[in-house]
Amino acid sequence: MPLVEVGDAEAFAALYDRHGRMAYSLAYRMMGEEQEAEDVVQEAFVKVWRSAGGYRVGRASVRTWILSIVRNRGIDHIRSRASRGRMQDEVEVSAPTSEPSEAFAEAWRNTQQEQVREALNTLPHEQLKILELSYFSGHTHAEIAEHLELPLGTVKGRMRLGLQKLRDYYQARGEAVP
Amino acid sequence: MNSMDRERFEDLKDSYVLGALPEEERMEFERYLVAHPDLQAEIEELSTIARLLALSVWEQEPAPELRRRIMDTVEAEAVHPAEVVHPRARRRSWLAGLWEAVGPRDLALVAAAMLVIGLFSWSMLLQGEVRELQGRVRSLQSQPQEQSQGPQMIALGGAGTEQGARAELITFEDDRAVLVAENMPPAPEGKTYQIWVIRGDTPQPSGLFEPKGDSIAGVVEKPVEGADAVAVTIEPKGGSKKPTTDPMLVGKVKA
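Sequence lines, in order, name chains U and F. The first sequence lines up with residues 1 to 178 when you count with my numbering. The second sequence lines up with residues 179 to 433 when you count with my numbering.
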């Protein structure tokens with residue numbers, strides 16, 4: 001990061017090579033299609049390049065920082081879409097039925113990511129669905145409540161329980177949250 | 179909406195870390211958080227949990243063309259390699275590295291220290307010197323990290339401060355900031371305070387606020403990272419597209 005901060009393109013290329021795939025994966029999960037996911041990643045990495053000085057050691061890892069920027073850009077894209085009629089599709093996409101392709105099976109040997117997924121799999125589907133709808137799709141709690149025809153209090157309650165359960169997963173193992 | 183209190187904070191905190199609050203509630207929540215720094219650690223911890231979701235996605239390979247597009251932009255803006263001071267280069271010569279790391283004043287101290295311990299053998303001297311230099315470099319390297327933890331605060335100056343007002347810009351998250359002001363006089367009838375984020379010569383309207391009581395926190399609605407300055411002017415109610423008065427407060431964002 002210090003080299004990126006002083007304008008070293010080579011160092012930035014190394015940063016992209018290390019985190020670009022994860023960033024694109026998050027963008028693709030949010031946008032649901034390649035072109036817009038690429039736009040999100042491009043904007044995010046240009047922002048990383050131009051504001052590398054804004055990265056603060058000790059507050060978050062470089063990966064977390066980059067993924068936060070990707071997510072913020074993704075949310076901006078989603079919210080700028082005229083139509084918000086994708087909720088039903090997103091609910092279906094969020095069901096834990098997808099499997100990684102063979103091509104990327106190796107990537108899933110990454111212990112940390114596997115553990116995160118394992119932690120998420122401990123959540124009841126109703127809680128996971130609400131966490132995913134808010135985190136990946138940029139919907140407000142009121143929008144989620146409306147589309148799922150649930151009381152707002154129920155949506156908030158499931159968010160709370162879902163996050164609590166994730167925290168408990170790591171605490172029970174005496175491990176730090178990545 | 180109801181005014182924010184501890185109960186409402188508890189009710190909204192999970193939605194906040196998941197990014198599920200509508201804009202107005204989010205801003206209200208952040209004002210409360212700024213006013214109650216003791217709650218920030220809890221929110222940071224909860225945010226860490228929420229961010230786990232980002233790590234749960236199945237990995238997808240981006241097209242090589244994406245890398246090329248990004249690098250085209252980056253290389254067009256990159257500093258020429260000769261201008262880049264590589265930390266590795268600093269290590270080539272410990273003396274050159276020391277000069278860059280500690281500066282002439284501290285070097286003088288090191289020289290004095292070397293004289294004092296001149297009775298020791300040359301090998302002892304070298305060992306002691308190396309240890310001292312390592313300590314100094316470590317200390318200097320750690321300083322920016324210590325300073326960078328937690329919210330960054332930038333004091334604002336200008337005509338407003340001469341009238342007794344105090345204001346600080348607090349960078350709150352990646353690209354969010356809050357302007358906290360004390361003792362701001364009420365805006366004249368039909369006027370309001372407006373925040374501007376300035377990049378180059380362009381001020382971007384970035385939020386309005388009305389002082390009520392002794393202190394006020396105004397959310398800066400535009401990203402401040404990479405901006406040159408943040409300023410506050412008095413504008414007609416509803417705000418202006420461009421500043422129509424001189425800044426009451428101004429703070430330089432870039433180092």
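Read the hints as simulated data drawn from the structure, not as lab findings. One or more of the hints may lead you astray.
Said to hold, decoys possible - The following label-pair restraints were derived from C-beta to C-beta distances:
1. Leu152(U) <-> Thr380(F): 36 to 42 Å
2. Met331(F) <-> Thr122(U): 18 to 24 Å
3. Thr122(U) <-> Pro363(F): 24 to 30 Å
4. Glu5(U) <-> Thr380(F): 41 to 47 Å
5. Glu239(F) <-> Thr64(U): 39 to 45 Å
6. Gly417(F) <-> Thr64(U): 22 to 28 Å
7. Glu222(F) <-> Glu33(U): 47 to 53 Å
8. Arg50(U) <-> Pro366(F): 52 to 58 Å
To be verified - Covered stretches of chain U (in silico footprint by chain F; criterion: 3 or more residues with CB under 8 Å from a CB of chain F, positions within the stretch not fixed):
9. 1-12
10. 111-124
11. 129-140
12. 145-151
13. 163-169
As the list claims (entries may be wrong) - Here are the simulated EDC-like cross-link-like pairs (lysine to aspartate or glutamate), alpha carbons at most 16 Å apart as the crow flies:
14. Lys430(F) <-> Glu367(F)
15. Lys165(U) <-> Glu223(F)
16. Lys156(U) <-> Asp189(F)
17. Lys156(U) <-> Glu185(F)
18. Lys156(U) <-> Asp379(F)
Positions of the beta carbon are idealized from the N, C-alpha and C atoms, including for glycine.
Each hint, compared with the structure:
no. : hint                                : result
1   : Leu152(U) <-> Thr380(F): 36 to 42 Å : holds (40 Å)
2   : Met331(F) <-> Thr122(U): 18 to 24 Å : violated (40 Å)
3   : Thr122(U) <-> Pro363(F): 24 to 30 Å : violated (55 Å)
4   : Glu5(U) <-> Thr380(F): 41 to 47 Å   : violated (24 Å)
5   : Glu239(F) <-> Thr64(U): 39 to 45 Å  : violated (22 Å)
6   : Gly417(F) <-> Thr64(U): 22 to 28 Å  : violated (35 Å)
7   : Glu222(F) <-> Glu33(U): 47 to 53 Å  : violated (33 Å)
8   : Arg50(U) <-> Pro366(F): 52 to 58 Å  : violated (38 Å)
9   : 1-12                                : holds (count 8)
10  : 111-124                             : holds (count 6)
11  : 129-140                             : holds (count 8)
12  : 145-151                             : violated (count 0)
13  : 163-169                             : holds (count 3)
14  : Lys430(F) <-> Glu367(F)             : violated (29 Å)
15  : Lys165(U) <-> Glu223(F)             : holds (14 Å)
16  : Lys156(U) <-> Asp189(F)             : holds (8 Å)
17  : Lys156(U) <-> Glu185(F)             : holds (14 Å)
18  : Lys156(U) <-> Asp379(F)             : violated (44 Å)
Against the hints set out earlier in the document, violations occur for numbers 2, 3, 4, 5, 6, 7, 8, 12, 14 and 18.
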